[in-house]
Amino acid sequence: MPLSDEDVREILRIIDESDLTELRLDTEGFSLHVVKGGRTLDAPAAPAPARAEASRDSSEVLGEPSEADGLATITAPMLGTFYRAESPGKPPFVEVGARVEPDTIVCIIEVMKMMNSVPAGVSGTIAEIVPTNAELVEYGQPLFRVTSA
Amino acid sequence: MKRIRRVFVANRGEIALRVVTACQELGLETVVGTSDADRNGLAARRADQAVCIGPAPAAESYLRDDLVVQAALGTGCDAIHPGYGFLAESPRLAARTTEHGLVFIGPPAEVIELSGDKLRAREEAARAGVPVLPGQEVGPGDDAREAGERIGYPLLAKAAGGGGGRGIKLARDGDELERLLSLARSEAGAAFGDDRVYLERFVASARHVEVQIAADEHGDVVHLGERDCSVQRRYQKLIEEAPAPWLEPATRNALTAAGVAFARAIGYRNLGTVEFVLDADTGQPFFLEINCRIQVEHPVTEAVTGRDLVALQLHIADGDPLGFSQEDVVFDGHAIECRLNAEDVAHGFMPSPGTLSLFAVPERLHLRVDTHLCAGATIPPYYDSLMAKLIAHAEGRDATIDVLLEALEDLDVEGVETNRALLISVLAHDDFRRGAVTTDWLERAIV
Chain A
1 MPLSDEDVRE ILRIIDESDL TELRLDTEGF SLHVVKGGRT LDAPAAPAPA
51 RAEASRDSSE VLGEPSEADG LATITAPMLG TFYRAESPGK PPFVEVGARV
101 EPDTIVCIIE VMKMMNSVPA GVSGTIAEIV PTNAELVEYG QPLFRVTSA
Chain B
1001 MKRIRRVFVA NRGEIALRVV TACQELGLET VVGTSDADRN GLAARRADQA
1051 VCIGPAPAAE SYLRDDLVVQ AALGTGCDAI HPGYGFLAES PRLAARTTEH
1101 GLVFIGPPAE VIELSGDKLR AREEAARAGV PVLPGQEVGP GDDAREAGER
1151 IGYPLLAKAA GGGGGRGIKL ARDGDELERL LSLARSEAGA AFGDDRVYLE
1201 RFVASARHVE VQIAADEHGD VVHLGERDCS VQRRYQKLIE EAPAPWLEPA
1251 TRNALTAAGV AFARAIGYRN LGTVEFVLDA DTGQPFFLEI NCRIQVEHPV
1301 TEAVTGRDLV ALQLHIADGD PLGFSQEDVV FDGHAIECRL NAEDVAHGFM
1351 PSPGTLSLFA VPERLHLRVD THLCAGATIP PYYDSLMAKL IAHAEGRDAT
1401 IDVLLEALED LDVEGVETNR ALLISVLAHD DFRRGAVTTD WLERAIV
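Going line by line, the protein sequences match chains A and B.
First residue of the first sequence? That's 1 in my numbering, and the numbers climb one at a time after it.
First residue of the second sequence? That's 1001 in my numbering, and the numbers climb one at a time after it.
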């Protein structure tokens, strides 16, 4: 059973509202490992219990995209309105499958008419675009999942 | 409510929780804008929605008016409550809020701007017939010595952009005044972006008494009595009470009338507090400044008037008339608030952030506790150290003090240092029990 955007957001919401600092979900179809207070890292769809176990209590790997996890998350560096393109009618900065480098602009976050370009910060391929265009994103909210390849 | 349905709370701590509660009692939805450090705070959890507006440092979150307005718009709010501190008295936030079609729960931007200019506020007060201390502005080209002689020493050099006890220097004679003026100007310029400095006579033996004002959008202005906040350390209030004890009825009437007159003169709207310095020797009050926000110490006024001041703010902002006249404001009993802070009194009042392994406030008759904390909660190092406000309301002043003393004795707190012992020693002190103390008393007699 693959996780949908909605599922991930719902899980993050529940964790945000709870007193939990860490959550690990392991089912047949997927495993998910979320740690609050830092960048969140998903485990890959294929279960990798040994690797996940190894990184469990090691906080230093959580802030960086890791080979072991395969997926990194680009989070919102500020609160604002999330725009996928420079202006309406223009093509989006990135689509799923796009290759990004750390300085590739992936979106714009608008705060009171100030357009802030957001660079990817990592190398890899866009696997998922989390918010919808023109939605308010909060500080630290996941914007893109990136497979490091 | 007509215009307001969903309120954005641009604050943290106990006041954010207080505003959320007041909104919920009025059937309004709430969204709390938190910093990254406060995502799991009680206000965020109680609100209908919480949104993280930025990282933990206040300069990157709670002090960013652009983020606050953006977040309020993006979460479908129609009003912003700024609480106290942070952006509560920012004319920019007030202006931005209204520019984007939202309701600012506070006075108009122009009134906040005027009030923030302490020199202009002083001039307005004098024009409205409100007593001000002898004083005047001294520019770089002016003869400061001559001005100092006219006012008399000792005197205070104050920054026009200061207020709340900030940007003040004491000069005992003309030499000292000349020495400190240029420093005062450059410090004021750096701290407030305004290097104007004015001189004002220093009242050596002073009480701090303030008048709670409520003004609706239809021209009605009333007062809700006064509060005495003379127990202070470095201009930070520690204990506040209503009514002000040992105040002559004539003085009380003069104070409240002056507060209302000033609020009318500047076109004040919503809730505000006019602060006075009261000469303890002569009993004469002098205008100090007006605060354009809900005050930390508002619960003592709520206790003695039986009115919910935050609800009143919301009603006024929604355009409702006050709905009561000055004659309807009646006072019952005595109320005292003390501020429990996470600080290490023995080590220069150093903030003492940390996680509360234990925190239990006793529940008892005549006691109200406003707090956002519980056992297990963390007090982050980025903000002020206020943990809880304990407010007692009883028939007489002595009984009220006793309620607070018992509550403080029975309080369980572990994990951080607090000022509990200091609060107990003030409340139990003969000076405090037997008469009105002055603003220099705490540091002279106890600390």
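Just so you know, the hints here were simulated from the structure itself, not pulled from any lab data.
Accuracy of the hints is not assured; some may be wrong.
As the list claims (entries may be wrong) - Only part of the chain B face toward chain A is listed, based on derived beta-carbon distances under 10 Å:
no., residue
1, Gly-1033
2, Ser-1035
3, Asp-1036
4, Val-1051
5, Pro-1055
6, Asp-1065
7, Gln-1070
8, Ala-1071
9, Arg-1096
10, Thr-1098
11, His-1100
12, Leu-1181
13, Arg-1185
14, Glu-1187
As the list claims (entries may be wrong) - Label-pair ranges, simulated between beta-carbon atoms:
no., chain 1, residue 1, chain 2, residue 2, range
15, A, Lys-113, B, Pro-1381, 30 to 40 Å
16, A, Lys-113, B, Gln-1049, 17 to 27 Å
17, A, Ser-123, B, Ala-1191, 36 to 46 Å
18, B, Leu-1170, A, Thr-132, 28 to 38 Å
19, B, Gln-1049, A, Pro-119, 42 to 52 Å
20, B, Ser-1425, A, Pro-119, 55 to 65 Å
21, B, Ala-1360, A, Ala-134, 42 to 52 Å
All figures in this text were calculated on a predicted structure; none of them were measured in a lab.
Beta carbons: idealized from backbone N, C-alpha and C, even for Gly.
### Query
Which earlier hints turn out false for this structure, listed by number in ascending order?
10, 12, 13, 14, 18, 19
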